[in-house]
Every structure is written in C-alpha cells, then in structure tokens.
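A.B. asks: So the sequence lines, in the order shown, correspond to chains A and B. Position 130 of the first sequence, counting from 1, maps to 130 under the working numbering, and the rest follow consecutively. Position 65 of the second sequence, counting from 1, maps to 377 under the working numbering, and the rest follow consecutively.
Worth flagging that the hints you see were computed from the coordinates, not collected in a lab.
Subject to a maximum C-alpha distance of 30 Å in a straight line, what follows is the list of computed DSSO-like cross-link-like pairs (lysine-lysine):
no.: 1; chain 1: A; residue 1: Lys216; chain 2: A; residue 2: Lys168
no.: 2; chain 1: B; residue 1: Lys406; chain 2: B; residue 2: Lys474
no.: 3; chain 1: B; residue 1: Lys359; chain 2: A; residue 2: Lys173
no.: 4; chain 1: B; residue 1: Lys390; chain 2: B; residue 2: Lys435
no.: 5; chain 1: B; residue 1: Lys359; chain 2: A; residue 2: Lys168
no.: 6; chain 1: A; residue 1: Lys172; chain 2: B; residue 2: Lys359
no.: 7; chain 1: B; residue 1: Lys390; chain 2: B; residue 2: Lys411
no.: 8; chain 1: A; residue 1: Lys216; chain 2: A; residue 2: Lys282
no.: 9; chain 1: B; residue 1: Lys406; chain 2: B; residue 2: Lys435
Derived coverage of chain B by chain A (criterion: at least 3 residues anywhere in the stretch with Cβ under 8 Å from a Cβ of chain A; other residues may be distant):
no.: 10; region: 325-332
no.: 11; region: 357-371
Fair warning: this is a prediction, and the values are worked out from it, not measured in the lab. All C-beta atoms, glycine included, are put in the ideal place defined by N, C-alpha and C.
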Amino acid sequence: MTLVPITYKGGIYQHDIVTDLIEDLGGYIIQKHVIAAEVVLQCFVPRDDIELIRQISKPLFGEVTDTPLVGTEIAIVSMSLEIHHLPHPSCDIAEYVRRIGAKSNMVSLARGPGKRIAGLNDEERDVINEHDIAVYLMGNFETCIEYKMPTLRRGIEVPIVLCGGPDKETLKKIIDPPVDGYVGNVGRFMRRTKEADEIGKLDEIVDEITRVLEKKREEIQKDPLSVSPARLMGLIKEKVPAIHAVTSPTPLTVQMAGLRVKLPYDTFARDLRQLEIEDGIKLGDISEIVPSRMRDYILVKILPFSETNTVI
Amino acid sequence: MLAIEYFEVECPEPLGAEYYRQITNDVLLDHNLLRVIHKIHISIDPKVPIFVAVGILKKITTRVRVGDFANVNPLEGKITLVISDETYLAPMLKIFWQKFGKDHVEQPDRFTVILYDVRAELKEIEEIIVADPSESLYKDLIYAFRCIAPEGFRLRSEKFSKEKFSFVASENTLPENIDEIVREKFALMGEMP
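Isolated chain B (complex conformation) (with noise of 0.2 Å):
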C-alpha cells in the first residue's frame, strides 16, 4: 500500500472497516489501479446502509509507444522488432496493418514482427503510440468500486474527473445531502471535491 499516500475505511464496526480495507487492497491491486491513486478515503455505514468512496488521483500521461516495449532493428531493407512484452502486440500490429498494410507486415512468431518495404525513420516507428491506458481508467475505477462496495448496494451516484472522484452506493434512495457527505469525506483527506 505504499503506493497510496492516504488510505482509510471509516465503518461504525472496526472489525468490517478491516474487512473492507482487505477487500479494496486486493481488488486495486487485481485491476492495476494502485498507481493511478494518490488518496482514497472509503466510509461504509451499514445501519443507514451507505457506502461512500472518495479519492484523488495520479496524474497519467504514460502513453504506451512501440520504443516502450519492443526492440527495433532496421536491417538490409527491412526492420525487425523484438518484443518484450505482449500485451501490446495486438493494437500494434492492428496499427501496422493500417499504416503501411498487410503485405509489409509479417509475424514470424511470438516475439518477432517484421516490417519489409517500410519508408519509415527508426524514430519514427519508435514514436507511434500503440495504447493510452487512461482512456479505459475510468471504466476500471468504475467496476472497481462497483466490486468493492456491498453487493446489494445497487443506486448510485458517481463523479468521476480527471483528478478527483466520488462513487456513492445504497440499496435505497440515496439521500438528499450526498453532496454535503462527500465535501465531508474529502476534507477529512485535506482536499476539496
């Protein structure tokens, strides 16, 4: 958890506020989440029943590019990528495909992609972005917080922006000042919604 500058779960039973900081450990921890979160600060009141999560996020700007994960080595007319990480393999060669087309690309296996013909500078396949992981962030934080809260918690009420959010969840009518609690929740961290 050193990743996080400020993590608490605030519950009326310590025992469940344990449980639940468990719970969001591992489940930020599954779905990669742990580096894009500075502060996050999770209140659970089971006797209203609400469930009320907060937090600041890091800023990210890593777009993933070809250099990042892939060894290129232009040779007698053709360049050689080795790749040392495959998760981004797909989206590349999808981009290849469209760039310079099929016939230029070829996969020999796993780790090699060959591209023949190419008019392209070294740099200049070096800096093609082939994946920015922030466009799925939200999404992720989303289904996080979705499996984190108490399963019946089934309304709710998030706000999600480039560097803050607020998920609010009850399985009933969420009340009226939810505003008011989150402002709350966010000063207890030191911060402003």
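For reference, chain A alone in the conformation it holds in the complex (with noise of 0.2 Å):
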C-alpha cells in the first residue's frame, strides 16, 4: 500500500465523516487546522483511495488536493535576520512552501551575510541537518555567492536547493561540487511576492524542493524504514499522553524519515525508548533517540530495514 500526501479542504460541518474514513482507509492525518469554519487536514492516504476521498467529500463541499510536501521538515536558510532578508523574500518562501503542506522553519545565521565574513557555526549546521531539506537563500551577486557557498555549505548533510540572484545556468556553473537543486533570479528584493511571474517563481522553487524530495524519496524506498513517521506519530500521541499538553502548533512533527517529538528530552527520552510498537518490539530498538539541537526536543531518526531487518 503507497501512501501519497494529500490536503483536505472543507466545511467543518461533518468534517468527521472524512477522518474517519481516511483512518479506515488506513492513512494517517498529519496536521488539522480548524480555520472559522473551515477545516484543512493534511494527511497520508493510500493511493488507489484519493478518489473515494473525492467521491465522499463531494456532498461536503470538500476539495481534495495533491501536496506533494506534506510530512516534510523544510530549512529556509536566510542569511539574516536583518530588514535586508525580512520578510522578503524568506518569509514569502517559507509561507508559500507551508501552503503545499510542508512544515518549514526559518534558520537564520549569525553571521551569514557579506562575502568574505560569512560563516557558518556548528549550532546552525546542526539545526540545518535536522531537516529533510536546506533552502539556501542567498544575494544578487555571483561573486558573493561564489566566494561564500563553500563555507555556508561545509558540514551539511542534507539536499540543498539554493536560489540566488544569478540565473540558473550561471548559479549551475559557479557551484562547484554541485548542489541538489537551483532557482535562478530569487536573489534579496525588498518587496512583497504578489505579481503573477512573481508567484510563477514561488512555484518554480516549490517545484525544485518538490523533485529533489521525491529523489530522496526513491532512495528511502529502496531500503524502506522500519516504521512509517506517520504511524509512529499516531503511536506516540495515543501512547504518551504528554505530547497533548504540548502547546506548540505541531506538537510531533512528522519528517521523512523521522519525527521531532517537542517534549524535552531528559524527561521523556526514556519513555521513548521504552514505547512498545508491536510485538515487543520497541521504539529504541528500531530508532535512534537523539537530543535536538532545536530547544531541548526530542529528534527520532527511524532506522532503515537493513539496519533492524523489521518492518511494522
């Protein structure tokens, strides 16, 4: 059974009905947000499924979309925190990739921006490294960009998308070893994304984030994990009744192939580790629990097949 992300949108009217029926089909519901009386559900389900989801929701008034980022933990990486790279366009971009259903979070380095001061402290790589993505958002000169990404890139585990002023070609060509992904023309402008060809390039960098994640997709497939993050996410909520105290708006935020459970980490590890799955079969025994260098969060990294040979 593949599981595919998906967003509901509706009525919150009878809302129920569609819940439910996402959780006989077996999918899982990632984020509910009850807006007015409106109800957006992000969620995982089977895809042969999404057409009974349209069929029932229909009457509802519902509206069923493909999101293809849902369940991903995305880094926007602004240089600054400065007027200069706020709020646009880092807020724009980190908005807009939340609409598609990902959870994105803004890293901002502390001393990102210039050319030859620019660097990158071991806190900041770690932070980046939590996520499933890094969005590099950068200047309008190549010769900064150029002289800096080296720096801004060492240590760094995971894909990296980066947008700059420079087109596509030229960014291609000054990065040298190559990164994941790159968006051309989005260097720092001082006003709001709100023209067509404007949201045209939102879209172009939702598109790139989009391919590099389904490649890190297909390589997780072919050694698959040993459980779903969206499974294990449903477990912990049912099973550490903590978790619902929690009063951060996503109090277990699903990733690709993890979780960041936002309880603190020297209280609640252990009973992590001790949660039973199936079987008798643990969570530490087929997970990795780390302390997150976010607050004091607790970051399970789901271990692959070959490393636990089991599949729940």
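Join the two chains, each given in its own frame, into one complex according to the hints.
C.D. replies: What follows is the structure, given as structure tokens:
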C-alpha cells in the first residue's frame, strides 16, 4: 500500500466523516487546522483510495489536492534576520511552502551576510542537518555566492536547493561541487511577492524542492524505514499523553525519515525508547532517539530495514 | 521613477545592477524619499567589495502648518478644526495643549478638535507650524541606504549636507581614496561633491 500526501479542505460541518474515512482506509492525518468554519487536513492516504475520498467529500463541498510536501520539514536558510532579507523574500518563501503542506522552519545565520565575513557555526549546521532539505536564500551577486557557498555548506548533509539572483545556468556553473537543486533569479528583493511572475518564481522553488525530495523518497524506498513516521506519530499521540499538553502548533513534526517530538529530552527520552510499537518491539530498537539542537526537543531518527531487519 | 532626474546603478554584473536598481526604487518609495532626491548614482563592486551612493537632494522647505491638513471654523466662541489627514494630529494636539492648556482643547472624535475660549485669530491658528519633515530627513536617508547596501557592508563613511550626500560602505576596511571615488561618481552625474 503506497501512501501519498494530500490536503483536504472543506467545511467544518460533518468533516469527521472524512477523518474517519481516512483512518479506516489506513491513512494518517498529519496536521489538522480549523480556521473559522473551514477545516484543512494534511494527510497520507493510500494512492488507490484518493478517488473514493473525493467522492465522499463531494456532498460536503470538500476539496482534495495533491500536496507533495506534506510530511516534510524544510529549513529555509536566510542569511540574517535583518530587514535586508526579511520579510521578503525569506518569509514569502517559508510561507508559500507551507501552503503545499511542508513544515518550514526559518534558520537565520548569525554571520551569514557579506562575502569574506560569512560563516556557519556548529549549532546552525546541526539545526539545518535535522531537516529533510535546506533551501539556501542567497543574494544577488554571483561573485559573493561563489565565494561564500563553500563555507556555508560545510558539514551540511541534507540536500540543498540554492536560490540566488543570477540565473540558473550561472548558479550551476559557479557552485562546485554541485548542490541538489537550483532556482535562479530569486535573490534579495524588498517587496512582497504578489505579481503573477513573482508567484511563478515561488512555484518554481516548490517544484525544485519537490523534485529533490522525490529523489530522496525514492532512495528511502529502496531501503524502507522500519516504521512509517506517520504511524509513529499516531502511536506517540496514543501512548504518550504528555504530548497533548504541548502548546506548539505541531507537537509532533513528521519528517521523511523521522519525527521531531516537542517534549523535553531528559524527561521523556527513556519513555520513548521503551514505547512498545508491536509484538514487543520497542521504539528504541528501531530508531535512534537523540536530543535535538532545537530547544530541548527530541529527535527520533527511524532506522532502515537493512539495520534492524524489521518492518512494522 | 519620474521624480528623479538622474538614476543610475553601476555594477560589473549587469543582472546584479538591475536587481539593485529595483531594490533602491522599492526602498526609497517605501520610505517616501523619492520626492527629496533629485539625482542619484549607485556603484557596487562585489569583487572589492564596495558600495557607493552619491546624490543631489531637492530643496524641501515644506513645513507642515495646521492649515495644510485641517479646516479651521470659528463659531460662537469656539473654534472647530476638521482634520483631513491624521498624520500630524498627535504633534498638533501636543502644541495646542502647551499653548492653550488641556482644559481648552477637546477631541470629540478622530477627525475633530474643538478649542474653547481661545484668544487667537483664525489666521494665527492656521499658521502654527506642526512639523518639519526635513528634521528627520538625514536619519531617514541614512537608514534607507543602510537597507539598500548589501548587508554585510558594515564599515561606512557617510556625508550628508543640505544639497548633496555620499554614502560609502564595505565589509573590509574602506580604501584611503574614498574622496576620489566619491568625486568620480559625482562627475558621472555632472556634479561636484
């Protein structure tokens, strides 16, 4: 059964019919937003059953759309927190990928700007590496991008999508060794992205992120994970009641090969390791539970089948 | 950009120059500074790296008076002011309180101010100077150029006078011949520093 990410948008009235249906079909609801009288569900559902969900949600005026970035956590790496980069373009891009279902975090570098002076510290490096993909938002000059990129990518293990002012071909030419994705003509700008061509650029960024993540998904499928992160999310919700007291918008953030649990590591890591998934298999057996560099959260890295010899 | 007579951005990378032209336009527009700039020349060389902005300012003598944004109507011992633009309402009230006392000034709603028992002529009230936008002009200009300049360029040398300005920034120590560079850029506009 292949689970695919979708978003359901519809009225709040009788939306529980849809939630029950998704759960009955073996799908998982990753996030649920209730905005006034509208409900937005970001979920994983079996590929063959999408049409059935569409049919059942039709009388409720619900809309089902493909959102390939559901279940991914993206780092939008901004060179600084100054007015030069915020709110445009960093926030515009971070907000836009959220619409397609991703959970985006903005990582702003302490010493990102400039050419010679640009740098990346160990905390920033580790935080970026905790994500599924990093989107680097660079400036307008190819000279600066070429000069500082080797420093800013040092130690980064996740795929990088590079956005910068020069066109795509120039970016490809100046970055050595190559990164996973490039989007040209998106450098520093000081106005809101609202015109059709600007929105087109945001779509191009999303397409590039999707392409890179699809490649990563294919890699993961070659050596499947011991347990699906979405399923693990449901289990933790069921068996760790403390997660319901967390006020964060996403107490459990699903990643492609793991989960960020927003509970203190010292208090809850042992409980999580002992959490029984099925037939005596504990979470500690099939995953690495490590402290996150983001606050005192817990990071669950699910191990692949080749390491655990188990698939649940 | 019609308000500016001369507006050039010079850069070895043509695409970079185009972006910086757009950024300059957006920032000056956002800060409402296009109306004060007559000529501007920006030069950026990311290889050095250095950012130079030189320009000529327009003469702004427009002090804002009460009569500019309020309709003053004297009626039966009281003077009613109908405000058309709220921007200068707060400094105007402050001046009225100082001049006439809080007991004589009343603001029944957002757009109306009533003065009671005030011994002043209609003309006199209309002529009260409420604000002088040129006071904060240099501060606004420096802030705007800090926004326009590439971000890491924190070493700056700036000169702002009544008519002309120059702003040089870099991330490295500024070159010794700044004055010469500034003079060259002014010459491109057909001006002297």
